[in-house]
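Q: Each chain, letter by letter, is given below.
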Amino acid sequence: MSKLFSKENRQVFAAPLNLDNPILIQVLGICSALAVTAQLEPAIVMGLSVTVITAFSNVIISLIRKTIPNRIRIIIQLVVVAALVTIVSMILTAFAYDVSVQLSVYVGLIITNCILMGRLEAFAMMNGPWESFLDGIGNGLGYAYILVIVGAVRELLGSGTLLGFTIIPEGAYAAGYVNNGMMTMPAMALIILGCVIWVHRSINKEEKK
Amino acid sequence: MIKNFLDRIKPNFEEGGKLHAFRSVFEGFESFLVVSNATARTGVSIHDAIDSKRIMSIVVVALLPALLFGMYNIGYQNYAAAGAEGTLWEMFLYGFLVMLPKIIVSYVVGLGIEFIVAQWKKEEIQEGYLVTGLLVPMIVPVGCPLWMLAVAVAFSVIFAKEIYGGTGMNIFNPALVARAFLFFAYPTSMSGDNVWLSKDQVLGLGNQLPDATTMATPLGTLGGGHATDVPFADMVTGLIPGSIGETSVIAIAIGALILLWTRVASWKTMLSVFVGGALVGWLFNAFGPATAVAQTPWYEHLVLGGFCFGAVFMATDPVTSARTEGGKYIYGFLIGALAITIRMLNPGYPEGMMLAILFMNMFAPLIDYCFVQRNISRRAKRAQNS
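If you're matching them up, the sequences are chains V and Y in order.
Residue numbering for the first sequence follows the numbering used here, beginning at 1 and increasing consecutively.
Residue numbering for the second sequence follows the numbering used here, beginning at 1 and increasing consecutively.
Simulated from the structure, these hints should not be mistaken for laboratory data.
Do not rely on the hints blindly, as some may be mistaken.
Said to hold, decoys possible - Computed from the model, here is a short list of chain Y residues facing chain V with C-beta under 10 Å: (1) Met148; (2) Val151; (3) Phe155; (4) Phe159; (5) Phe183; (6) Ala185; (7) Thr188.
Using N, Cα and C, we set each Cβ at its ideal position, and we do this for glycine too.
Here chain V stands alone, though its shape is the one from the complex (with noise of 0.2 Å):
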């Protein structure tokens, strides 16, 4: 058990949520960030969508990275990603209906995720099962994070709620205040998600290079 979770394991698992975070460092998977996040709820499946497919198709083509002609491996690698996300994007529809009409293109648009194919490239061809697990898992919820802070900024000001639920009291309306439409529309999520960036980065500013 010890070596599951040695120094480098753990490394392997948290650097991608903060120091080596696929959206505010590496700027990966912006396409998504942006369409997705005008509310928080998809904003939530659609980061756990992605956690899931990024640490099993990390598991499943570490496996067989020994195996894969070299030429031929990003066909594989879509092939794979594109199984699971086919199988998720059917549990979505059978179970969370509303939600996957919301996420509509966007659940079938995992498959050309670039933090998706990044890590297969990067990390699941050359480490064992475990480790790409772990690295799945970790750029998985750096990524969902994110979408929750700037879901949960563009509903709470663009809608006045929090997964649907009315948080902006009623007298706040009766005094004139007037939800933010900007925040609904997708040059809002840009600019919020560059400020995430901006934070995060004078925060770390020392550990930059």
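Given the coordinates of chain V, work out where chain Y should sit on it, guided by the hints.
A: Frame of chain V, contents of chain Y only:
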């Protein structure tokens, strides 16, 4: 006298002085009130001994006619909608009292952020907000609430200006960014028929109007598909509903003369905006669809809405417009052409000037690049031939 006073209190603000925390504030006021000893070395005023505070002051003076008329017009519209009689001074004073809080909010929020940033980065106060702070209240409808104005000003100063490096570095015109932010974030408070009228009494002046009283701008009526019955003379004098500073062509023309005479604004940009607008307007008149907005004569389009205001005060902003002399023609022409095209073809945006200028702000560096490259290659060729 002012100078003596400033010199006397100056040591307090030097490094280690007791009021050191307000150093940037002091410097800002000092150079605003008296001519600074140091001329600017960077930014917009690089080609001139005059520093950009002087330029800004001239623009503010040029804005005054439009501002004063806008105040009068607020009162005029209020009295007209109530059907009441009012003297010129009553109307003006009423408009002044409605307008004053907006200007104060704009300056307090905008300059506050500028002061904080300057202090934080240990830089000189940047003076660009003097003009922006006056422009923002002038390009919003009178019904825009103060807190929205404050949010929009904060947004535009931080995201359109400070993150690009402050005055002189911004790509987009901050005043227009503030307006665009309001327009997209709070569409019900920025457009429609319900925002062009000040409905409350202020200090006993003006008339209390019922909430249901509405007033459409001529462009709003046209965008809705109806012909407007506002006479051309009113469009020129500006006694029509609209954003506060934009309605009067005459007041704006006075401002334009001041800007051109002092050479603060480029006549090339200004002229080509009108040429572009007139040309496209004429084309739509001749060949366009038979909608009300496309059949409005081109000369009416030029005096309606924010076209003049944008052409004179926004398009000519030396920071965000094209800087090459030839580029100014293209830059201005495309602003005018785009503004009218947006008006004609998109009923969702009855006013295209804001979007057209922001769009061309984005392309100004590209236009400059093309002109500079063309000059370089032409000279290279000339050098080869000789």
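Q: Each hint: holds or not?
A: Structure-based check of all given hints:
| no. | hint | in the structure |
| --- | --- | --- |
| 1 | Met148 | holds, 7 Å |
| 2 | Val151 | holds, 8 Å |
| 3 | Phe155 | holds, 9 Å |
| 4 | Phe159 | holds, 6 Å |
| 5 | Phe183 | holds, 9 Å |
| 6 | Ala185 | holds, 4 Å |
| 7 | Thr188 | holds, 7 Å |
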